[in-house]
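Asks: Chain order of the listed sequences is C and A.
Heads up: the first sequence runs through residues 36 to 150, numbered per the numbering used here.
Heads up: the second sequence runs through residues 1412 to 1522, numbered per the numbering used here.
Among the hints, a few may not be true.
[What the hints assert, rightly or not] Subject to a maximum C-alpha distance of 25 Å in a straight line, what follows is the list of computed BS3-like cross-link-like pairs (lysine-lysine): (1) A:Lys1467 <-> C:Lys138; (2) C:Lys92 <-> A:Lys1467; (3) C:Lys138 <-> A:Lys1478; (4) C:Lys138 <-> A:Lys1481; (5) C:Lys44 <-> A:Lys1453.
Derived from the structure by calculation, the hints contain no laboratory data.
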Amino acid sequence: DSGVTQTPKHLITATGQRVTLRCSPRSGDLSVYWYQQSLDQGLQFLIQYYNGEERAKGNILERFSAQQFPDLHSELNLSSLELGDSALYFCASSGTGAGGNEKLFFGSGTQLSVL
Amino acid sequence: QKEVEQDPGPLSVPEGAIVSLNCTYSNSAFQYFMWYRQYSRKGPELLMYTYSSGNKEDGRFTAQVDKSSKYISLFIRDSQPSDSATYLCAPSNNAGNMLTFGGGTRLMVKP
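Construct all of the structure, not just a fragment, from the sequences and the given hints.
Replies: If you want it as C-alpha cells, here you go:
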C-alpha cells in the first residue's frame, strides 16, 4: 500500500458529462501529481500541485482542471467528457516535489469509462 | 519522436532467465533515471533510481545508464514469475519532478 488513496476506483459516465476524481496524498506529502494512462499514449503527466499552489502543468486539456485543498487532498475535474477521455487516472504524491530525484508514490488509480 | 522510447513487448522469458529491458531518451538535460514497476491494475512503484551515468545494483536488479548514447537499461537476474509486470523508465531533470515516462515494456516470466 503506497499510502495514496484515490476514489472512486471505477467511474462510468456518458459523453458530455462532468466527473470529479479525488486523491488523498500520503501523510506528510505536500505535492500531488495527476497522470493519465491510456493504451495508446502511455502515462502522461497532467498537472502538479504543491501545498495548494499549481507548480507545473503538462498535457492537460482545457476541459480538465484540478485543485489542491488546505488539507492537501486534490481533485481532478473532467468536463464535457469525450470517448477519448476513457483512461486510467493516477494520482501520485511526494514530499516536496522540488527535486528530480524525489520518489513518487502512486495511488491505485481511477478507471474512467466514457460511453 | 517521443522523448522517451521503450519497446512495448510483451517480452516472455522462462523462470530463471536474465532479462534486459531498455529505454532510449532524447533530452540531454535528464540527470535522474528511474525505473518503475507496474502490476496489472495497480499504480507504478519505484524500483530503481540512478543519478547520471553508471551502474547501480539492488539485489537481482541492476540499472545501467549511458548518457553519451542516451540509453538506459534494467537487468533482472534469476527472473521470477512475480517479476511479471510492466516496467516503465522515467528520466527527469533537476528542475522538478515532472517525470517523463516511457510507454513501458510488459514482461512475462513463465514458471
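Asks: Hint by hint, say whether it matches the structure.
Replies: For each hint, the structure was consulted:
For the hint linking Lys1467 of chain A to Lys138 of chain C, the alpha-carbon distance of about 16 Å falls within 25 Å, and the restraint holds. Straight-line distance between C-alpha atoms of Lys92 of chain C and Lys1467 of chain A comes to about 31 Å, which puts the hinted pair past the 25 Å bound. Among the hinted pairs, Lys138 of chain C with Lys1478 of chain A is consistent with the structure: their alpha-carbon atoms are about 21 Å apart, no more than 25 Å. Straight-line distance between C-alpha atoms of Lys138 of chain C and Lys1481 of chain A comes to about 22 Å, which keeps the hinted pair within the 25 Å bound.
Distance hint between Lys44 of chain C and Lys1453 of chain A is fulfilled; the C-alpha atoms sit about 11 Å from each other, no more than 25 Å.
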